[in-house]
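Visitor: Based on the hints, put chain L in the right spot on chain Y.
2 protein chains.
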Amino acid sequence: MFTLQQCQEIFNTALLREVELLKKKPEELYLPVEYIMSSGGKRLRPSLVLMSFNLFSDDIESAVYPALGIEFFHNFTLLHDDIMDKSPMRRNNPTVHTKWNENVAILSGDAMAIIAYHYISKCRAEFLTSVLETFSQSALKVCEGQQYDMNFETLQDVSEADYLKMIELKTAVLIATSLKTGAILGGAKTQEANTLYDFGKNLGLAFQLQDDLLDVFGNSEVFGKPIGADIIANKKTYLMIKALSVARDNDLAELKQTLSNKYSGHAEKIKTITGLYHKLNIQKYTAGKIKCYYDNALQCLESVNSGARTKEYLRSVAEMLMHRER
Amino acid sequence: MFTLQQCQEIFNTALLREVELLKKKPEELYLPVEYIMSSGGKRLRPSLVLMSFNLFSDDIESAVYPALGIEFFHNFTLLHDDIMDKSPMRRNNPTVHTKWNENVAILSGDAMAIIAYHYISKCRAEFLTSVLETFSQSALKVCEGQQYDMNFETLQDVSEADYLKMIELKTAVLIATSLKTGAILGGAKTQEANTLYDFGKNLGLAFQLQDDLLDVFGNSEVFGKPIGADIIANKKTYLMIKALSVARDNDLAELKQTLSNKYSGHAEKIKTITGLYHKLNIQKYTAGKIKCYYDNALQCLESVNSGARTKEYLRSVAEMLMHRER
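Protein chains in written order, with the working numbering: chain Y, 1394 to 1719; chain L, 1394 to 1719.
Derived from the structure by calculation, the hints contain no laboratory data. Please note that the accuracy of each hint is not assured.
Identical copies go unnamed one by one, so any copy, or any two together, can satisfy a pair.
[What the hints assert, rightly or not] Within a straight-line C-alpha distance of at most 30 Å, the following computed DSS-like cross-link-like pairs (lysine-lysine) qualify:
#1 LYS1515 - LYS1582
#2 LYS1479 - LYS1418
#3 LYS1664 - LYS1628
#4 LYS1558 - LYS1435
Looking at chain Y on its own, in the form it has when it is part of the complex (with noise of 0.2 Å):
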């Protein structure tokens, strides 16, 4: 039985030697790839691969690399969202476009997409169909998350329903596969997968709007961002389309006007909407929002077949997902 930190160490020891055998030539192409894989992060989607295999089976070695494939995938998208996005900063650091250049971003970005499904496909023969399926098909709905989430920056009304959707593909589908690949290679049955699958959907849903609410009521230093961020951005999260749904007359008008004025200074802004969020109850909404997914997916967790204790160290994960401030 492994808990999430012994599974984390577990990963990271593997991750240390593999990204040894990636010092190649060209150095343009592989150093961003060591830079970005070196650069910390939880390493939650390749824990919860282990975590999941654990319920099933106890030779956890052998979910090791389908768990780098799912972890390096999820730095691929990081770095390609990062050119899309303009971002400059990352995990305290510089981007590897920022460091090095857009063409350089794009081209390592593609080869850690390669070498993602090289790890996924080192795994038993008899799972290799069932595991890639799995792997493309959501890795095709991230593809389309981070499209919807592009086109809502020039959408004006995204509904509460398009935004949960967005986040659900973005987001809460590759947790989801971790947990079912996982399932998948500990030799779970088809139902149980599913169940894990759902369990990880719901718990990414509720990752992503925690973090939504952490942007504004976190705290800077403990979250690691600057808070407000998404305010800044006008980014359209959930608390900003729960308050243009639930805001009337004055309030609305209020909200409306500080969105467009492109020339009120960061601060003020911030200042502003944080006060509407307040006065409208938004915190209040989203973690009940947060608390329904955070529900249904405990729901799902308890209705696997599977030893009690493994299941315990599943749920305390969720449980320290729910109540962290970064």
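Guide: Only chain L this time, still in chain Y's reference frame:
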């Protein structure tokens, strides 16, 4: 037994059917995929998958999905290369990043890489591990080749050996992999699959050198691209590298001066360089190198243990490629 034309027809029928299935949302993600996959091209790689498969088996339909995978991957690399090279046109149409924008081109390219793997994975389970390993290794080499190609743009001295290694990675390896994949799927022994890989590698090298030659000595209307584009772009093709290595005294000085003179007119530059190529016998050197690879390729094909008739069809493809004018 299927000829090149028949394989192209089988492939194009499958492609049309699959492109219909890709009419999905969000349109910004999938329309560019449909656009580039419907813009023509020789369909050389997927046809080689099918013809190589046909050396060992007649059930050609069972190799169509992996053939689709390789053609999707090839077009994904073209799409991303066009962003990196800032190319405005491809196959007489605006490139994706020109018709839409760079973000759309990055993300729909990413989707194409995933779709490529999805198709490649649709093969008989017993061959899946081997097909994927071959493919991922080669896909990574294609990225390495593109990176070297970009590096060469700013390097003063590129040796003939460096150049040949670059085009092997960027172009020849995927042609080789097409042939090897067909052979694996057809049930060929490892040695035969590797011999077909070598046939394809030599054919691919000859193919790319032919491309370099056609850029200078081709007929623009037949070739489909303006003649001398590589000269204008100061590209270090085989011809240029050879010319720089054999030119002496005044010829070398004139060559270097023309290369460094940014202000000479395009027509004048093409005329001067082409004149030097004539004087230095560069066409003859290049044709000799092409013949060398072509002969190597045929020798590999000769040693494959398979029916004479299907080998004859593959030999005629090689001959057609060597005498092509476009």
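Visitor: To test your reading of the hints: which numbers does this structure violate?
Guide: Of the numbered hints given earlier, the structure breaks none, since each of them holds.
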